[in-house]
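So the protein sequences, as listed, match chains A and B. Sequential numbering of the first sequence, starting at 1, is according to my numbering. Sequential numbering of the second sequence, starting at 1, is according to my numbering.
Keep in mind that the hints were calculated from the coordinates and are not lab data. One or more of the hints may lead you astray.
Which copy is meant is left open, so a pair is good if it fits within one copy or across any two.
Unchecked claim - Straight-line Cα separation of at most 25 Å, PhoX-like style, residue types lysine-lysine; simulated pairs: (1) 567 x 665; (2) 258 x 648; (3) 124 x 376; (4) 329 x 511.
From a predicted model like this one, the values you see are computed outputs, not experimental measurements.
Number of protein chains: 2
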Amino acid sequence: MEKPNLHKISPNFTGQGVNPDLAIERKNPSFNVERLTNILDGGAERTQIRRTVDAWLQSDPEFSRENQYFQSQNERYEGAIRKSFYLAKKMNEMGWVEGGPHQEFCFRALSSDMAFNVHRVFLKSIMGLGTDEQIAKWVPLAEKFYIAGTYAQTELGHGTYLRGLETTATFDVATQEFILNTPSLSAMKWWPGDLGRTATHAVVFAQLYLKGKCYGMHPFLMQIRSLRDHSPLPGVTVGDIGPKMNFENVDNGFLMLKNVRVPRENMLARFSQVLPDGQYKKQGSDKINYLTMIVVRVYMLRSEVVLTLLKACTIAIRYSAVRRQSELKPGDPEAKILDYQTQQQKLLPQLATAYAFHFACQYMTKIFERAYTETKEGKFDLLPELHALASGIKVIATEYSSSGVEVCRKACGGHGYSLLSGLPSLYTRLVASCTYEGENTVLLLQTARFLIKCFAMAKDGQPVPMSVAYLSSKNFGKCQAQEKRDFQNPDVYIDAYRQRAFRMLRSAAIKLQSLIQLGTTQHEAWNRCSVQLAQAAMAHSHYIVVEQFVKALQWYEEELAIHRILKRLCDLFALHGMYLNMGDFMQDGYLSTEQTAMVTESYLELLPVIRKDAVPLVDAFDFSDASLNSALGSYDGRVYERLYEWAKKSPTNQQKNQVFETYLKPLFQNALSKL
Amino acid sequence: MEKPNLHKISPNFTGQGVNPDLAIERKNPSFNVERLTNILDGGAERTQIRRTVDAWLQSDPEFSRENQYFQSQNERYEGAIRKSFYLAKKMNEMGWVEGGPHQEFCFRALSSDMAFNVHRVFLKSIMGLGTDEQIAKWVPLAEKFYIAGTYAQTELGHGTYLRGLETTATFDVATQEFILNTPSLSAMKWWPGDLGRTATHAVVFAQLYLKGKCYGMHPFLMQIRSLRDHSPLPGVTVGDIGPKMNFENVDNGFLMLKNVRVPRENMLARFSQVLPDGQYKKQGSDKINYLTMIVVRVYMLRSEVVLTLLKACTIAIRYSAVRRQSELKPGDPEAKILDYQTQQQKLLPQLATAYAFHFACQYMTKIFERAYTETKEGKFDLLPELHALASGIKVIATEYSSSGVEVCRKACGGHGYSLLSGLPSLYTRLVASCTYEGENTVLLLQTARFLIKCFAMAKDGQPVPMSVAYLSSKNFGKCQAQEKRDFQNPDVYIDAYRQRAFRMLRSAAIKLQSLIQLGTTQHEAWNRCSVQLAQAAMAHSHYIVVEQFVKALQWYEEELAIHRILKRLCDLFALHGMYLNMGDFMQDGYLSTEQTAMVTESYLELLPVIRKDAVPLVDAFDFSDASLNSALGSYDGRVYERLYEWAKKSPTNQQKNQVFETYLKPLFQNALSKL
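Chain A extracted, bound-state conformation:
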C-alpha cells in the first residue's frame, strides 16, 4: 500500500481506493511534498487555514458543485447569489474577517461560483474616489448588501481607450444636478458585472460638461433600479448582455441613460469636485488610486490566473499517470501516456510555467508593497516601472497560462473535451483574462513605451530603473556554453534572456528612430514598429520571470531536495522558452547551431527527470477534489468510475426523450415488419 504520509490532513485523502497507477507515483517523491505545499501557501500556518477552509467547503452541501456542468446560465447565476449570501453569513458566524486569510481561501476555492465581484469593485471605487462623507454614507449600505452596486465604465463601442467614452454628465446649476445621457448606441454601458440582473446602484463614468466645456471622465454614483420592486428608474434601460464563453455565474449587463438626474453630491469627489456655481476644482493626487489598478492585476494573477494553470496541470498529470495507451515496448501492457516523450513535452513545461508564475507573482507583490509605502510617503518614483512590470507580467502570465491550460486539455484527448473533465471551463474562463483588466496587446505597448524611454536614457548614460538595468549594457557577446549541461547554469540562461530582450528592444528602437528620421510621423512610425515593440516587451517580461524564478531558488539553498526540484523546474521553464523561440536567441550568432542542439537536448533530457516527480509536484498544490471538480483529476485517480457515475447524472439521461415519441417512433414502426 502507498504511504499516505504527509497528505493525512488533506481533505481529499480517504486512505483507500486510490488507483494503483497513481499510488505508485507517490511512493518515492524526491522531496518533501508537504514542505513544498507550505512554501506555495506561504507557510505551514496558512496551509492549515486553507485546509480548514477547503474541508469545510467540501463538506457543506450548499457549496456542492456536483451539478455545475449541467446547469443553465440562469441556474448558475441564482447559485452564485445564493452561495455568496450563505458564505457571508457563515463567515460572520465563524468570525472569519473581511480581508483575512480564511476569506482569501474561500474566494480562491469558490471564485467561479460567486456573485458580487463587481459589487466589490463598486465598494472599493467609493472608498478610493469618494470623499469622507460619501464613504460614510454609501459604504455601510454596500457592505451589508442593502444596496447592490456595479462599476460602469466600458461602453458598447469603447473598451480600453477611456478618452473615447461617450456617456455625458452635464451639470445643471439651476437644480444642482448632473444630467446623464447615453448619446448614441455605441455609448451604452456594456459588460459591467452584476449589472444585468442584480445592481440597484452604479458608479458610472461619464464625460463631465460644465458650461459647455468638457472636463473629461468622472465617476458618478447613481441609482438605477428601484429598491422596492427592482424596476429600472425613469430614463434607465438596463438588462443582461446574454450568454458568454463562460462566467455564467455573472450577470454582465448593459445600461442606457436618458436625462437621468444625479444630485451634485453624487459625483465621487475625492480628487475633483464641482462647486454649486458650476466651477471645477481639482484637489490632491490620484496616484495612489492608480496603484489600486495595478494591485488588481497582481491579485488577479495570483488568485485566478496562475491558480487555473495549477489546476489544469493537476488534472492532466494525474490523468496521464492513469491513462494507458499503445505499446511502448512490444509485448508489454499498454503504457501510461505520461511515459511518452511527446506527452511529457506537452505537460511538464506547463507545470514549470505554473511554478515560474507563482514566484513572479510573489515578486510583484513585494515590489507593489514597496511602491505602496513609498507612494503614501509622497514618492512616486517606482510607479512607471511598476506599471510597466505589472502590465508585462499580466500579459505573459495570462497568455502562457491560458494557452497552457488548453495544452493540458488537449493532452487529455477525447475525455479532455468532456465538460466533466473540468478542463474546458478552466480554459474558457481563463482565456477571458487576456482581454479584461487591460487588453494584452494594449498593455504590451504600454510596457514597450516605458522600455523605449529607458533605452534612450541608458544610451544617454542616465541611470535607469532596476528591472531594466541591462539596457545600460554595452554589448552582449556570444553565449559561453561549451556543452549541454552548461545550459542548466542559471547564469547562462539569464544572460541569454537578457541579451534577447536587449537585442529585440534595440532593433525596434533603431527602426523607430530611422523611420522618424526618414520623415514618417511619430505615430505612424510607432504603429509600423508596434509588432516588434510588443514582442520586445514580451521578451523583457519573459526575462523578468526567468530571473525572478532563479532568485527565488536562493531562498531554499539550505533545503537540498526542495532546491533541487525547484531548480529543475526553473531550468525547464528557461530552456523550454529558448527552445520555442530559438530564432531570437540565434541573432548575431549569440547561439550557434551546435549550441541550439545543446539547448534542445538539455531541454528534452530534463523531461524524464521531472516526470518522476510529476505527480508529487501537482499533489503539492493540494487542491481539494471539490475545487478541481474534475472526473479526470481527483486525488484517487478513479477516472473511469467517475466519468461513468457523473455521466449518468446528466439531465439528458434523467428526462424522458420526447424526440423518440415525436420524430423517431413513427419511422421506426416501418422496420418492425422487416426485422
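Mind docking chain B on chain A? Use the hints.
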C-alpha cells in the same frame, strides 16, 4: 453610396443600410470578387447552386438559428433531429439527390445543426464492410431512417490504439450466435455519436474469439434499443455521456453489453467470416476500405475545418473594419482597429492560412482520386504516401485552423467573448478536430515513420515517392536571397521550407540511429526522438502546403489581378511561417541574421498591402449572414445594433428574476429608510 456590383445575387445583400465604414472597404477591390468566389466554389455554376441553397436555408424559418446561443443541450439535440428530417423531406421534394452539390452545400451550411452524422458512418460501414446480402438487408432500412445506427469503436479506456480495445465477441457454435460482452468498465463504448439518445442499432467493434483464440477486431451489427418503445434490449446499458465543450446537437453515448447475443449473419463479413462450424475465413483485401478512412479526413478538412477558419476570418475582419479604438494620429477620430499593425499581424496571416488550406485540400482531393482509381485496379503503391500526407495535412490544418480561429476571436476583444459574436462556438467546435479522426500527435508520428523509411531509402539511392523527393537531395547550401524582396520569390521560400524539413528529419534520423547504435532498444529510441520526429513531420507538412499553394498560383497566371492577390497571400503564408519558426531556418547558417531581418520586414510590409483588400477577400467567401450567425460579422457591418437586438432576446431578459424576490428584496428593504 457603395457599389453593390458583384454581390447582387448574394442573399446577404439588401442594397441599403451597410455601415459606411464597411461600405468604403468594398469600393476598390484590387480584384474581381465574384471571380474569386467562383474559384473558391469550384466554378460559377457551383456558386449559383450554393447561393440557391443558402438563400433557401436563410429564408426558411425551420432553419433559423436565431436562438441557437440561448439553447440547452436538449433543445439543440431536438432541433438537430427535427431539422435533419425536415431537410431530408425537402431535398426529396426539390429533387436534390444524395451526394449531389445541393446536399453538399446544405450540409456545409448546416453541419453544426444536424443529427445522424454517425448514422451515416454506420451506413457507410455496412456498405464498406458488409456482404452483398448484408447491404441489401440493412442499407435500405437505414437510408429511410426506419432504423437509426451508430458506429461504436472507441471505449472509455481506449481511443486511437485499436488493438487495445477490450469488447469481446465469442462465437457459440451451438446457437450460431456471437456473445458480446463488455469485460470491464474501461471497455464500455464511449463517445459514439447518435448513440446517447437516438440509435436503435450499432456496428460494434469487438475482439473476435473462436474456440478460445482471439482473431482481433471485427465489426458486428446489432440492435441495442427496441423499435417499439426505445427501451434498451436485455443486456444492454446505454445512455448519453453528458455535456461537452460543444457539439450539443450530437448525443454522444455510452454502451455496455452483457451477454448480448448476435446472430452469426450479423458479423459484417466482406473481408472475413465465421463459418457455421466456427472456422475463420479471410477473403479479399481491405485496402480500399483503408482509403475510406483517408477520404473522411480530406472531406472533414474541406467541409468543416477550413470552412470554420474562413468564417472566423470573415467575422473578425469585418468587425475590425467597423470597430474604432484609440487615436492613431493625434486629433483624428478613433482609428479602425484594422489599421493597427498589431491587428493586421493577428488577422491577415489567418486569412492567408485559410487560402493556403483551401488549395491544400484541393491537392489532397486530387491525389486521393488518383489513388482511388489505382487501388480499384489493384495497384496499392500510392497508399503509404497518401496516408502520410493525409495525416500530416490533417494535423497542420486542424492545429493552425483552430489556433487561428482563437486568434481571430481574441482579436475581437471583449465582444469576441460573447457567444453572440459566433466566435466562441466556432473555436470550441473546431478544436475537437485536433483529437477526432486520429489524435494529432499519433498521426504526426505515423507520418514521421513514413518519412524515416523514405529517408533511409533515399540514403541508399533508392527512388522515393514524389512528395518526399527532396529527401534525395545531397545537401542544401545557404539561402540565396540578397535583399528583402527576394523573399517574395516562391523559389526562395520553397527552398527554405524544403531544407528545413530535410534538416529536421535528418537530425531526428541521426539521433535515432545513434541511440540504437549505443544499445537503446528500437522502441525506447523512437520514444526519445518522438518530439523531434513529430516536428519533422510538421515541417514536412508545412512545406507541402506552401508548395501546393505556389503550384495553385500557376493556374491563374492569365488573370493578373487574381494572380497578384493570391500570390500576396501565398507570400504572407510562407513568410509568416518563417517568421514564427525562425530558429529552424537559421540552422547551419541557412539564413543569416541579416536575412532574418529581411524576412521580418518583408512579412510586415505585406500586411498593409493585403489589408487594403482584406474585406473583399473575406467577402469572396460569400457566407450568408445566417450561416455566420454572428452579431459582429454580418455583411452590413451593423455590429452594435445587432449586439443590442440579440442581447435583448436573451432568456435572462425575458424571464422574471426570481433572485430578486428570494434573495435581494429582503436586504434592499433595509436601505429604503436610509436613502
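The hints, checked one at a time:
no. : hint      : result
1   : 567 x 665 : neither (64 Å within a copy, 55 Å between copies)
2   : 258 x 648 : between (51 Å within a copy, 18 Å between copies)
3   : 124 x 376 : within (18 Å within a copy, 74 Å between copies)
4   : 329 x 511 : between (54 Å within a copy, 19 Å between copies)
Hint compliance for this structure: hint 1 is the single one not met.
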